[in-house]
Amino acid sequence: MEINIKNIDPSQKEYIEIGCWRVNERVNEIVRFIKLRDGHVEAYKDEKQYRIALSDILYVEAVDDRCFIYLDNDCYESRRRLYEFEDMLPAENYLRISKQVLVNLMKIEQIRPALNGRFLCRLSNGEDVIVSRKYVPDMKEKLRGDRR
Amino acid sequence: MKDKLKNMLGNFFISVALINAAMLVLGLLLRPEQKFGYEVFMYPLIYGVIGTIPALITRDGKELSVKQTLVKNAVQMLMTVVLILAFMFGGHPVDRNLVVTAVSVAISVVIIYAGVVIIGWFLDKKAADQMNEDLTRFKNKQQDIYKPR
Chain U
1 MEINIKNIDP SQKEYIEIGC WRVNERVNEI VRFIKLRDGH VEAYKDEKQY RIALSDILYV
61 EAVDDRCFIY LDNDCYESRR RLYEFEDMLP AENYLRISKQ VLVNLMKIEQ IRPALNGRFL
121 CRLSNGEDVI VSRKYVPDMK EKLRGDRR
Chain R
1 MKDKLKNMLG NFFISVALIN AAMLVLGLLL RPEQKFGYEV FMYPLIYGVI GTIPALITRD
61 GKELSVKQTL VKNAVQMLMT VVLILAFMFG GHPVDRNLVV TAVSVAISVV IIYAGVVIIG
121 WFLDKKAADQ MNEDLTRFKN KQQDIYKPR
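Respectively, the protein sequence lines represent chains U and R. Going by our numbering, the residue at position 147 of the first sequence is 147; the numbering climbs one at a time, nothing skipped. Going by our numbering, the residue at position 39 of the second sequence is 39; the numbering climbs one at a time, nothing skipped.
Since the hints were made in silico from the structure, they are not lab data. We put the beta carbon where it would ideally sit given N, CA and C, even for glycine. Errors might be hidden in some of the hints.
[Claimed, not checked] Between beta-carbon pairs, the in silico distance windows are:
| # | chain 1 | residue 1 | chain 2 | residue 2 | range |
| --- | --- | --- | --- | --- | --- |
| 1 | U | M88 | R | A21 | 44 to 54 Å |
| 2 | U | E84 | R | S65 | 20 to 30 Å |
| 3 | U | R112 | R | Y43 | 35 to 45 Å |
| 4 | R | S65 | U | M88 | 20 to 30 Å |
| 5 | U | D138 | R | S65 | 17 to 27 Å |
| 6 | U | I34 | R | A21 | 56 to 66 Å |
| 7 | U | E42 | R | N132 | 32 to 42 Å |
With the rest of the complex left out, here is chain U (with noise of 0.2 Å):
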């Protein structure tokens, strides 16, 4: 696959082309990563927004009606929902994984044992976060790529 990069104009809309001959498995996964390392989402702290990739979020939680968002050494406060989350973020790296949060597979280092039946994630910033028993059957699923 030839891969061209164009510089334009500072005025002009940034795009990405794709020419292929039929849109296969290939390059929806191409779409969908473009997507995921393009997507920003709104957050605040402090009072102040500011635009968060979604390639860095390491885990999204829902406290009583707030919606925080945590990267690897920062918090900042969402006003979507975590369902919002769940159908914005890519179903390919992020995963429900209990009531309240939403994590991002590609950022858990270690999966251990919880007790009674549930698990713990270690995070690459070394935050642990809990998968609720109702939800390991579909953390292994998508694991062993069972579910998309």
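Add chain R to chain U, keeping to what the hints say.
Leaving out everything else, chain R in the frame of chain U:
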């Protein structure tokens, strides 16, 4: 709820097996001369059911941390001890023999409860090891997809 019931059923069968072992050891130590009828096979099942009652009545409303779960398990264990002692010795006159038997039973319940938790943990450890292998494969696959060729 379905997962909770599945988990309770698993714990019930582990409890029944461990209660059988505890009855054997306690019986040999405290009353080796005792003879039983077939009804004795019913007791591990009854004690197993009693052991699952505390898990039934405690709610799982929100996700508990590991420390909170440990406290919850300890409370459930104490409830199980009280329920089993009440079932076995409720209404009996308290004498030295009863106290010795009750203490032995209470210790056995604690050992059985710990046994159930430990066996459950080892089963989960096996599942976690498999999940870690799958996770490594999953991450490699995802990275391969986006690797420039």
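**OP:** Could you tell me whether the CB distance from U:D138 to R:S65 stays inside 17 to 27 Å?
**Re:** 21 Å, holds
**OP:** Note whether the CB distance of U:R112 and R:Y43 lies within 35 to 45 Å or breaks it.
**Re:** 37 Å, holds
Original post:
Could one say that the CB atoms of U:M88 and R:A21 fall in the range 44 to 54 Å?
Top reply: Between U:M88 and R:A21, where Cβ atoms are some 53 Å apart, the hint holds.
**OP:** State, for the Cβ atoms of U:E42 and R:N132, whether the hinted interval 32 to 42 Å holds or is violated.
**Re:** Given a distance of about 35 Å, which is inside 32 to 42 Å, the answer is holds.
Subject >> Range agreement (Cβ of R:A21 with Cβ of U:I34, hint 56 to 66 Å) >> reply: Check passed, 60 Å falls within 56 to 66 Å.
Original post:
Are R:S65 and U:M88 spaced within 20 to 30 Å by their CB atoms?
Top reply: Holds, since R:S65 and U:M88 (Cβ atoms, about 28 Å apart) stay within the stated range.
**OP:** Return holds or violated for the Cβ distance of U:E84 and R:S65 against the range 20 to 30 Å.
**Re:** 26 Å, holds
In this structure, every one of the numbered hints holds.
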